[in-house]
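**Q** Each chain, written out:
There are 2 protein chains.
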Amino acid sequence: MSKPKLQIALDQTELASALDVAKNVAGYVDIIEVGTILAFGAGIIGVKTLRERHPEHILVCDLKTTDGGAILAKMAFSAGANWLTVSAAAHIATIEACKKVADEYHGEIQIELYGHWTLDDAKAWRKLGIKQAIYHRSRDAELAGIGWTQDDLVKMRQLSDLGLELSITGGIVPEDIHLFAGIKTKAFIAGRALAGEKGQKTAQELRAQIAKHW
Amino acid sequence: MSKPKLQIALDQTELASALDVAKNVAGYVDIIEVGTILAFGAGIIGVKTLRERHPEHILVCDLKTTDGGAILAKMAFSAGANWLTVSAAAHIATIEACKKVADEYHGEIQIELYGHWTLDDAKAWRKLGIKQAIYHRSRDAELAGIGWTQDDLVKMRQLSDLGLELSITGGIVPEDIHLFAGIKTKAFIAGRALAGEKGQKTAQELRAQIAKHW
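Chains A and B, in that order, give the protein sequences.
In terms of our numbering, the first sequence has 15 at position 15, counting the first letter as 1, and numbering is strictly consecutive.
In terms of our numbering, the second sequence has 159 at position 159, counting the first letter as 1, and numbering is strictly consecutive.
Heads up, a few of these hints could be off.
Note that identical chains are pooled: a pair holds if it fits in a single copy or bridges any two copies.
[Claimed, not checked] Calculated cross-link-like contacts (lysine-lysine; reagent style DSS-like; alpha-carbon spacing at most 30 Å):
| id | residue 1 | residue 2 |
| --- | --- | --- |
| 1 | Lys198 | Lys74 |
| 2 | Lys74 | Lys5 |
| 3 | Lys198 | Lys123 |
| 4 | Lys74 | Lys48 |
| 5 | Lys48 | Lys198 |
| 6 | Lys100 | Lys3 |
| 7 | Lys155 | Lys198 |
| 8 | Lys5 | Lys99 |
| 9 | Lys23 | Lys74 |
| 10 | Lys48 | Lys123 |
Bear in mind the hints are in silico, worked out from the structure with no lab data behind them.
Construct the complete structure from the given sequences, taking the supplied hints into account.
**A** Below, the structure written as structure tokens:
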């Protein structure tokens, strides 16, 4: 099983702040994500600018695309994104449209697991050739104090068994990493934990935990 | 039952084109929507600019918010939106966070009915005080030739009976309006049908059909 990558989610409302955060931790992360908040704050110029500043990183555009898939995917990939997030709640035709554009750009689709998705849905995504999904506590659920549960871990293993590589997110801190040992993990995604003065130190701690358990 | 309003969805990728379309039909519509495509294309400046140009219209920000609700809602409402769309797939804590911000700005939340939502979900939204939902064919489903079905109409009536006012969208054309007679309809939303040279004429035809059936 390959070692999980480390991803920073940029969820600043202003592009200038996001660029500062990215610059500070770029040397410690594999993947840079234009979070939904930044994508709406700055618009597509945010994706283009981060692509220019960080040409070697995998760049994720976190639109949680729910409709208008063909156009949104074209916008994101042509601006330089490598991966695009698509909501599990999107119609299968939307997901297929996104996958088609991703293929044209040699990019990938990541399904964001929100709402009442089922394992049958996951099988349908796999049938389209989709290889990645994102599993998380919602930011607001996290703020409401809802932690990682046994039910989360069971679902992660089921998805992993279907061949989906998972990126895991939702208030990820170094002390949580051990919980996910044994799961086919594409990346751990952290946002606020990697911002600010302690960003580099936290990134190093996350990397150490990943190295210990994979 | 009050007469449904007419809403234009601006789904241009560039703000300049969207402003042209809005200007052309502003006199014929009640509601202007910054569609997801425009919101990502232009960023939040798109919402601010449309608010400045059209101070008297109801302005909708169609983010299909799925997470990060408190921040995204604050961004949208402080930029001048009156209504914000939130995905049915969002965690109830996210929906509650959006509603709280909406209340501070005297705005409203519209639930976008994507994914496997249930009537129990709809009851939970009503319990939070949410009064609006958006019912549609997905853009991609529409492109795949999937039309309005009897099942759609049954679900619309169930939601309407729970007290949710519905906005209806997905390739709306004047000939479809009669299908929805009797449903508590807040607005009909059209995009491409209201863009371009025929935009004003189509808006008038939609208004005529609305007047005939409500």
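**Q** Is the C-alpha distance from Lys198 to Lys123 at most 30 Å within one copy, between copies, in both cases, or in neither?
**A** neither (40 Å within a copy, 43 Å between copies)
**Q** Using 30 Å as the alpha carbon limit, work out where Lys48 and Lys198 are close: within a copy, between copies, both or neither.
**A** within (27 Å within a copy, 34 Å between copies)
**Q** Can you give me the call for Lys23 and Lys74, within, between, both or neither, at a CA distance of at most 30 Å?
**A** Both. Shortest intra-copy (26 Å) and inter-copy (27 Å) distances satisfy the 30 Å Cα cut-off.
**Q** For the identical chains here, do Lys198 and Lys74 meet the 30 Å Cα criterion within one copy, between copies, both, or neither?
**A** between (36 Å within a copy, 27 Å between copies)
**Q** Which holds for Lys74 with Lys48 at a C-alpha limit of 30 Å: within a copy, between copies, both or neither?
**A** For Lys74 and Lys48, the Cα distance is within 30 Å both inside one copy (13 Å) and across copies (25 Å).
**Q** Checking Lys5 and Lys99: alpha-carbon separation at most 30 Å within a copy, between copies, both or neither?
**A** within (22 Å within a copy, 36 Å between copies)
**Q** Within, between, both or neither: how does the pair Lys100, Lys3 come out at a Cα-Cα threshold of 30 Å?
**A** within (28 Å within a copy, 41 Å between copies)
**Q** When Cα atoms must be at most 30 Å apart, do Lys48 and Lys123 count as within-copy, between-copy, both, or neither?
**A** neither (33 Å within a copy, 42 Å between copies)
**Q** Is it within, between, both or neither when you check Lys155 against Lys198 at 30 Å Cα-Cα?
**A** For Lys155 and Lys198, neither the intra-copy (32 Å) nor the inter-copy (50 Å) Cα distance is at most 30 Å.
**Q** When Cα atoms must be at most 30 Å apart, do Lys74 and Lys5 count as within-copy, between-copy, both, or neither?
**A** within (25 Å within a copy, 32 Å between copies)
Consistency with the previously given hints fails for numbers 3, 7 and 10, ordered from lowest to highest.
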